[in-house]
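There are 2 protein chains.
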Amino acid sequence: MNIRLYNAYILNGNFDISFGEIHISEGKIVYIGNSKSTSKKWDRNIDMHNAVVMHGFSNCHTHSPMTLLRSYCDDQPLKVWLEKYIFPIENKMTEEDCYYGTRLATMEYLSSGITAIADMYFFQEHVIQACIDSQIKVVGIGTAMDIDGKTDEKLEYLEQKYVKYNSYSPLCSYKLGFHAQYTASDNLIKGIAELSKKYKAEVCTHLSETASEVESCISEFGMTPAQYLINHGIFDYGGNAYHCVHLDKKDIELLNQKNVSIVTNPSSNLKLASGIADIDSFLKEGINVAIGTDGAASNNALDMFREIYLAAVLSKVVNNDASAVSAKKVLEMATLNGAKALRNSSGVLEVGSDADITAISLEQPNMQPINNIVNNIVCSASSKNIVLTMVKGKILYENGKYDIGISPEEVYQKCNNSIKRLKSQI
Amino acid sequence: MNIRLYNAYILNGNFDISFGEIHISEGKIVYIGNSKSTSKKWDRNIDMHNAVVMHGFSNCHTHSPMTLLRSYCDDQPLKVWLEKYIFPIENKMTEEDCYYGTRLATMEYLSSGITAIADMYFFQEHVIQACIDSQIKVVGIGTAMDIDGKTDEKLEYLEQKYVKYNSYSPLCSYKLGFHAQYTASDNLIKGIAELSKKYKAEVCTHLSETASEVESCISEFGMTPAQYLINHGIFDYGGNAYHCVHLDKKDIELLNQKNVSIVTNPSSNLKLASGIADIDSFLKEGINVAIGTDGAASNNALDMFREIYLAAVLSKVVNNDASAVSAKKVLEMATLNGAKALRNSSGVLEVGSDADITAISLEQPNMQPINNIVNNIVCSASSKNIVLTMVKGKILYENGKYDIGISPEEVYQKCNNSIKRLKSQI
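Top line first, the protein sequences correspond to chains A and B. Residues 1 to 426 (the working numbering) are what the first sequence spells out, left to right. Residues 427 to 852 (the working numbering) are what the second sequence spells out, left to right.
Hints listed in this document are in silico derivations from the structure and should not be mistaken for laboratory results. Just so you know, even glycine gets a beta-carbon here, dropped at the ideal spot from N, CA and C. Just so you know, not all the hints are guaranteed correct.
Okay, the calculated beta carbon distance ranges per label pair [as the list claims (entries may be wrong)]:
no., chain 1, residue 1, chain 2, residue 2, range
1, B, Asp473, A, Lys401, 16 to 26 angstroms
2, A, Phe19, B, Glu522, 41 to 51 angstroms
3, B, Ser833, A, Lys250, 52 to 62 angstroms
Bound-form chain A, shown alone (with noise of 0.2 angstroms):
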């Protein structure tokens, strides 16, 4: 597929932006510059009518099955929420609920300019499966807790699927991971060490995500999470670290020295009233900071553009500072930094590399006038806005359409059989 995008305005990788067209070849970027004629005989040439064509946002932390829980439960305190609604629900959950869950998913993120995602959720197969089905960019990360006691069950698991979709599709790649320190024994945080040992590899938790949790960890092992698992070995050759609402100086120094990035997710932390991660002083230590939507039953939407206006303005209002983290900043986070984070993208729009590509419309009266485009982006855009979304250089969303191989209605009817099954269930 040639694919030629013209009357566009171009996000380049130093986040200026400059009036041009962008040329696709096989997947790849093979031109960005300014418009010129062309003979050339493409399979689509399109117009852009001077919307922003930048590189797609990485949401580097999801559930993407959540979806159908949606709604399901909310304004419930924290803990009747998961162990009265979500855990019972989700012990029900088949293999085919959660590809098609994940399916949802993928049309959310296709619509609001996700190109690639970071997923941790069970029957992990399906949910890789139903995203090389819909063709974005997938990083499994692994989910290993071992509260039942089967610990070498779960590394050995770990380990299969570690080493399966590393090499299983070009839009897919895995990491180690595991649910939390509250959810994994001594000897399977050693070893998953071990593993990331004898693979060089990162790994991927949640962390510090409520104060509960770290308060739990003080008592118990006189430390946080952060140093506990840092003690373990865990972050010896780095790995992503999701919300981190309550991280200490001392953990947010050690994070940066072993090169872990933080995901923040706003929305899901103030839904379930986690609190308001300080990712100015992320920021300012040097630590890579990404962004991710959580899981819908948390958040209730997968849309960046909420998560990246949240991002920025929680900061401001959690420093008692309107100038904190600028809006070029969040765009870097969710753009730049979440393909540092995921590594399965160059994050910027650049000749040679994967047409990961999103565009906005600016021609909608919440783009207008037009002051500044980078701030219009982060503060004032909605998915609204997004007219076209590609991955690898093949289109799957443009102009409300979605082409994944599968039609919208089929998967909110398998959405809905789900969830009315999964209720009369529990």
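Please build the complex by placing chain B on the supplied structure of chain A, with the hints as guidance.
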């Protein structure tokens, strides 16, 4: 015009949802109920494809012409933002700037389901006229301030507008108002209280938006701004208080006793680092709490979905309680409570009321599957889901197209010309 909306989920006055249809004649709702066969000749007979049909949102605090300043200056400390950037450029704004800036704002309002606004800005005649020309309901709010010492002139102008715009058009009304305690002399506040008594009229004002304005008032007068204004009789006939981020317990009790509606502006308070209003405490006191977008310079989108989402989730994080302020309560705030604050619509769909209606599509991935429609509207929906908005039975927005007597392209061009000229003048 006779309009029939069928195949719709209808959100009724009890915030229950039933499937059926709604009929509109001469701007009023004439039927709400089950699907029925009809031989009537309709001007429009619209299949809603299972969208939720509900009363439009009331945006109870905004400064419409500030669309021109969208993204003009972000990420600056509040004092620098106001004094170095906003005030100088506002000083150069013309009547025409304010007119077209408002026209642009009305497009955002309609496309995010807003059918009525309360606007506080200078060149108010032109703001009101722009709303009437776009056929949206508007309540003009008095803008008095006398830091220039011209108190009598301000009072005279305020009274003139109050009289004029309460009998000017079925689409508009007017409330007494002044900018804020800290920009009004003792004489101006006394004068407005006298006008309020003369007309038995409500008074509206910004109140306790920042910690520093509260500290200054306590330092100068020995009491909070709320108590200072109440002592002067400002709220003897009720009113609307905007922001209210920094109220104390006594303030909340007194405002409730005076039947003052509090209008919360969550996004603006985040971006300007003003803080998070504890709306849960207002609701528990029994106060009528409504919602506003504030202006686009401090937001940067006039999108009610952003505000209702934030009203829901910020309450949770500020109270450290994921069960604080339910989605249903927030939806009431944006419709029923807003209508109570503005007094220009019923706020709920009922036979005999003005047909101020918006419709939210469920057939998009962010609204699937269907577990709880009200939760989906508050926590998952975005303006992308709005498929139709009408005011007094006139369809003004439908499937991305506006019918407001001017083309989007003309509005965008006028606004870009305005801001370009304004920037060159400062």
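Consistency of the hints with the structure:
| no. | hint | in the structure |
| --- | --- | --- |
| 1 | B:Asp473 <-> A:Lys401: 16 to 26 angstroms | 20 angstroms, holds |
| 2 | A:Phe19 <-> B:Glu522: 41 to 51 angstroms | 28 angstroms, violated |
| 3 | B:Ser833 <-> A:Lys250: 52 to 62 angstroms | 59 angstroms, holds |
In this structure, only the earlier hint numbered 2 is contradicted, and the remaining ones agree with it.
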